[in-house]
Amino acid sequence: MFSKKMIMIVGAIILIAVNIIILSVNSQDRTPSTRTGQVALFFISPFQEFASNGIRFVQNIWRNYFDLVGISQENDNLVKALKIANEKNNSLRELELSHSRLQSLLEFKPDLKRQVTAAAVVGKDPSPWLKTVVIDKGTDEGVQRGMPVVTPDGIAGLVIDASTGYAKVLLITDQNSAVDALTQSARVRGVVKGEFSGKLRLDYVLRRHDITEGDIIISSGLDGAFPKGLRIGYVHEVNKPNSGIFQEVSVTPYVDFEKLEEVLVIIDSLEPVKFSEP
Amino acid sequence: MTYLLYTIVCLLVVVFQSTLSMHFAIFGGMYDLFLLFVVYLGFYRTIQEGFPFVILFGLAMDALSSGPFGLYLTSYFWLYVSILGMTRFMRVSNNMILPLVVVCSVLFQNIIFLGTMTFFVPEVKIPAFFYHNVVTQLLWSVIMGPVLILLFRRVHLALEKWLKTFQPEYR
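Chains as they are written, first to last, in the numbering used here: chain A, 1 to 278; chain B, 1 to 171.
Be a bit skeptical, because a hint or two may be false.
Unchecked claim - Which residues of chain A face chain B? A partial, calculated answer using Cβ under 10 Å:
1. I16
2. N19
3. L23
4. L41
5. G54
6. I55
7. V122
8. V134
9. T164
10. E237
11. E261
12. E262
13. L264
14. I267
15. D268
Unchecked claim - Negatives, chain B to chain A, calculated, CB over 12 Å:
16. Q48
17. F89
18. F113
19. L151
Worth flagging that the hints you see were computed from the coordinates, not collected in a lab.
We put the beta carbon where it would ideally sit given N, CA and C, even for glycine.
Put together the whole structure using the sequences plus the hints.
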């Protein structure tokens, strides 16, 4: 009744339609934890870690023994010290601002001591269009989905999947990422979203608010994912279009994602974000 | 033995793509090396041998990636089907068409990726550096792609020949 060619054409059309539907559904929610994802992390990440450690080992030999041994070490220490100082400075500024706003209140809450675990980045997403990394800490070390990941420079991302020894982190520069944020000085609220370019943009900022280049953007803590007051980036461009109620604010992240090697996972800051189950 | 070889190669490709490009900026603009493998399987190997690996490694890449699940599988599957279709009309022994096929494969995957991510999520726009990135990938692929495919083919054939000397019953 039907020729073989006809059956093949109909089959191909059905296959393409099914394919498009599946991609459409999966595009709406890119963070579901799947068993296949955990299995892939479990089997492939040890090889990534091995390769990454090998490369780092060779790089360290080169850096430390053949390329200005003492200066390199001293420089590393100074950079670390500077990062810690930056973080302290930021915390103090936050405390100062918070203190001035709340000084009328006599009740003080002690600063939360965050329990963190340090992790090394062992792999990244194979596609240049997607921004995730694999870290060498997983559920065995208490890392769970929804936990924030930071560096001394600022927020790095959010754990979206975890196996026993490894976890996948969605970086804030991924176009699927969003962080509720504030400008540090004017306390203007918005949502920081990632872009393909590796930069960030602050969305939903009303035109009437004053934002200037160089303003520091920090997390607001209202998204339930990131603790309040962590640095995200600084404003590098503000555009007020003729129409619309929002401004276009471009933000440069403080974290250098091209050189991301070690991160801290905040274990007990907040309740981990609950993702919808697939 | 062939399946073991494919598994090792695929593992090396995954590790290369997800770790080396992280440490060396020169590999930052690299295209997906699995495409070469799909081209190789489509051109030179049987469907029984190639198809399961295309599906398996499409799923593995999707599991590792943070993109919409099925994105890699889609690109590998349709590329593989297209190449199988091509082999019915073209002589695969003609190595001159390899650069063209590799370049088309890279272009095809980028279109699928960007198309999926921008079409289904309307707020996402095509980045300004997209064209630059794709051109870099195409240049990498046209230079390295055919060489790697032919090299792998020679290694594979030599390995099969070598194994036959030890195991006469080896298929």
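Going through the hints against the structure:
1. I16: OK, holds: I16(A) within 10 Å of chain B, min 8 Å.
2. N19: holds, 6 Å
3. L23: holds, 5 Å
4. L41: holds, 7 Å
5. G54: OK, holds: G54(A) within 10 Å of chain B, min 9 Å.
6. I55: This hint holds: I55(A) lies near chain B, its Cβ roughly 5 Å from the closest one there, short of 10 Å.
7. V122: holds, 7 Å
8. V134: holds, 7 Å
9. T164: violated, 16 Å
10. E237: violated, 14 Å
11. E261: holds, 9 Å
12. E262: E262(A) check fails; min Cβ-Cβ to chain B is 13 Å, beyond 10 Å.
13. L264: violated, 19 Å
14. I267: violated, 22 Å
15. D268: Violated. Min distance 25 Å.
16. Q48: Holds: least Cβ distance 19 Å, greater than 12 Å.
17. F89: Nearest chain A Cβ is 15 Å from F89(B), so the label holds.
18. F113: Violated: least Cβ distance 6 Å, not greater than 12 Å.
19. L151: Per Cβ check, L151(B) is outside 12 Å of chain A; nearest 21 Å; holds.
Checked against the numbered hints listed earlier, the structure breaks hints 9, 10, 12, 13, 14, 15 and 18; every other hint is satisfied.
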